[in-house]
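**Q** Model the placement of chain B on the given structure of chain A, informed by the hints.
2 protein chains.
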Amino acid sequence: MSFSLPERVTLKGPNFIREVFERGVGVDGFISFGIGNPAPEAIPVEIIEKAFDEVVHSNPMSLLQYGPMQGDARLAELTLQRLVKAHHMNPEGQGLIISNGAGQLLGLVPITVIETGDEVYMDEFTFTSAINSVRNMGGKAVGIKTDEYGMIPAELEKAAQSGKGKYIYLIPNFQNPTGITMPLERRKEIYAVASKYDLFIYEDDPYGEIRFAGEYIPTFKSFDTEDRVLYAGSYSKTLSAGLRVGFLFGPAKIIEVIQALKNNTAGQMPLVTQKVVAYVLDTIDYDAHLDNVRKVYKMKCDALLNAFDTYASSKVHLTKPTGGMFAWMTMPESVDCDAFFEACMDKNVGIIKCGAFAADGAGEGHAFRLSYTVPTVEEITKGMEILGALTKEFCGE
Amino acid sequence: MSFSLPERVTLKGPNFIREVFERGVGVDGFISFGIGNPAPEAIPVEIIEKAFDEVVHSNPMSLLQYGPMQGDARLAELTLQRLVKAHHMNPEGQGLIISNGAGQLLGLVPITVIETGDEVYMDEFTFTSAINSVRNMGGKAVGIKTDEYGMIPAELEKAAQSGKGKYIYLIPNFQNPTGITMPLERRKEIYAVASKYDLFIYEDDPYGEIRFAGEYIPTFKSFDTEDRVLYAGSYSKTLSAGLRVGFLFGPAKIIEVIQALKNNTAGQMPLVTQKVVAYVLDTIDYDAHLDNVRKVYKMKCDALLNAFDTYASSKVHLTKPTGGMFAWMTMPESVDCDAFFEACMDKNVGIIKCGAFAADGAGEGHAFRLSYTVPTVEEITKGMEILGALTKEFCGE
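Taken in sequence, the protein lines are chains A and B.
Heads up: the first sequence at position 232 corresponds to 232 in this note's numbering, and the numbers run straight through without jumps.
Heads up: the second sequence at position 343 corresponds to 343 in this note's numbering, and the numbers run straight through without jumps.
These aren't lab readings, by the way, just hints derived from the structure by calculation.
Mixed in with the good hints, there may be bad ones.
A pair counts as met if it fits within one copy or between any two copies, since identical chains are not told apart.
Below 27 Å or equal to it, Euclidean Cα-Cα: the simulated DSSO-like pairs (lysine-lysine) are [said to hold, decoys possible]:
no., residue 1, residue 2
1, Lys-50, Lys-382
2, Lys-12, Lys-253
3, Lys-253, Lys-140
4, Lys-12, Lys-320
5, Lys-347, Lys-315
6, Lys-320, Lys-145
7, Lys-315, Lys-140
8, Lys-315, Lys-298
Same shape as in the complex, but just chain A (with noise of 0.2 Å):
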């Protein structure tokens, strides 16, 4: 028979994350920039493994049977605990969802709140995952145009004022795959459109803890008076991907809603893992920890930035991230990016297209992302060496 689906689920934007992966797996000596991991030195590993010893053997019963649908109750209090003092979250009238990792929530926001035609705005250049899950639930996602200091209040203004529009989707600190970080007063400025056309902002942070140079600030979450902001945070960079923790904090009233369809259409997540970060929590000091991932993650972008000074085109632009694991390089509009693309796959350099990031899925632009997280300083800068030189030689010096 054929399977007859709905278009939404049918369309598709380019795997170029994949293709570089797949291109770069197995040569010798192939550096990737192209890889969204965290650091593998950031991550507690020998901590992980002792927070599974006892975990797993103190009441095994309990995490192998049917456990609860909201999820591990220790890991949960706990994440309220740290929104409420590190980020001066008001708990008052809202919930909080465990998810399988922020990746789950990416998909459960639009499956709750979508009807066909529903328009999202987002960064013109965002996270993959958040412009696919909106296209395959029938909405349309709707890139605005972005400057230094992240999305333009008045183009998403004049997307607004379509009537069509449900949410906004931001990734306001060290954005993915740009690394520009939004400052309070646009933050502001967002929040009043929002406002103004009655939208929510769906505030995704998977990278907020990792910030290494500036000054912290608010969340949108923190200066949420009108109750239009979720927030999605996660564990996956500052304590391992591979667990798949995550949560999303936001008004009860519709958290209740995302918790009753993740309950139907996903089930509960494993107990094991939620409450291995919940041990790991609670046995070490985890702000401690945390200035030592962001120690690895500055060294890293560091070595990416001052290779980039030493060895590249004045002609091409790097952003100067503050956090995060993404910095984004503009080239000269005259430049043809395919093959420069393609001659740093020659030199076993990879990088990533920034049609892989198109909200519009037109998958056209001048710009990559480049990853400082898995390669060493070493790797770094000899694969940015190898990257700069190109550079001069699609862009002069």
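**A** Leaving out everything else, chain B in the frame of chain A:
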């Protein structure tokens, strides 16, 4: 702000299972036939603990970074081998998804295929999450009348004449909640209707390996010559529900689309739990283990049926499961089932009202689900003595 939500996600059925759980929790001497958990005696706890010890310490970094979207390769291989060897399925042109239990598939399938107004045909009483997920996606869950052999083909055909049908959801083995198993003849008749109206079949078989009486009956998938069957299985009932590992096997073309949707909307699953299942399958004699599981379930089911024969009114009917976890008790139409339920609860015996499983959401009927897996044989006997006396009180000898 007021989040505007699609009507589809606000539809709710009665949550009688939770009600019984919440009213019974902490009550001294409460005997629950309400809990749908696997029998604790059948979970190979020590083996799984050992598997964690081995898996966690052999290559921890690979578990703590992002893993493969497709899931653990060895687990997929072992799962496929068993489908081919033990269940005579033909792998040609088929694909396999590893999922967060079979529960995640109850969401993924309708999220992928449903368009507003599509009809999904299912037993008039069936698994709650299957009903809710279809409704949550804007589909119509259409309950089809059943007899002692399961869904009635002529009734299915009547419904399918609407032309709005998308698929048939079935639990052919030891159905939840009725415990009924569909004979091969009936399966072929249902398949013929599916073929005539070009519907696909979602064959949900989480209990299939737990047959403790009667003959093995071929799955729909094993005679699926027209590539119209998606077969869902799970390790939840045979190894551990808490590890959350299930799978979907079906035509590669649709499997690829469901996998892509899973990648976008749910992300990957933890690798550690998948590797634990693979390790257990690789190290134990799985068939011998299943024999032990079946013995436990048979012992408990026998206790239920024997006590029912001894104590219950002859006016009440109980299905005789040949496997799985559930039996279905039907009362005479004259009985006030709400009053009977309350009388049971007053005497500290928990059973689930049929409304919890009503595909049409009506929440009415004259039957109860009894699960015999969690209470001990002594508790089952004692609980049935109490329940049996009440059936005589309400229905006569």
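**Q** First find the shortest C-alpha distance between Lys-12 and Lys-253 inside one copy, then the shortest across copies, and answer within, between, both or neither for a cut-off of 27 Å.
**A** For Lys-12 and Lys-253, only the inter-copy Cα distance (15 Å) is at most 27 Å; the intra-copy one is 33 Å.
**Q** One pair to classify: Lys-12 and Lys-320, alpha carbons no more than 27 Å apart. Within, between, both, or neither?
**A** neither (31 Å within a copy, 49 Å between copies)
**Q** Have a look at Lys-253 and Lys-140 and pick one of within, between, both or neither, based on CA distance no larger than 27 Å.
**A** Both, since 25 Å and 25 Å are each at most 27 Å.
**Q** Cα distance capped at 27 Å. Does Lys-50 pair with Lys-382 within a copy, between copies, both, or neither?
**A** neither (36 Å within a copy, 43 Å between copies)
**Q** Could you figure out if Lys-347 and Lys-315 sit no more than 27 Å apart (CA to CA) within one copy, between two copies, both or neither?
**A** Cα proximity of Lys-347 and Lys-315: one copy only (21 Å, versus 81 Å across).
**Q** My question is about Lys-315 and Lys-140: at a cut-off of 27 Å on alpha-carbon distance, are they close within one copy, between copies, both, or neither?
**A** Answer is neither: 35 Å inside a copy and 58 Å across each miss the 27 Å cutoff.
**Q** With identical chains treated as interchangeable, where does the CA-CA distance between Lys-320 and Lys-145 reach 27 Å or less: within a copy, between copies, both, or neither?
**A** Answer is within; shortest intra-copy Cα gap is 19 Å, inter-copy 65 Å.
**Q** Checking Lys-315 and Lys-298: alpha-carbon separation at most 27 Å within a copy, between copies, both or neither?
**A** Answer is within; shortest intra-copy Cα gap is 25 Å, inter-copy 76 Å.
Hint violations for this structure: numbers 1, 4, 7, all remaining hints satisfied.
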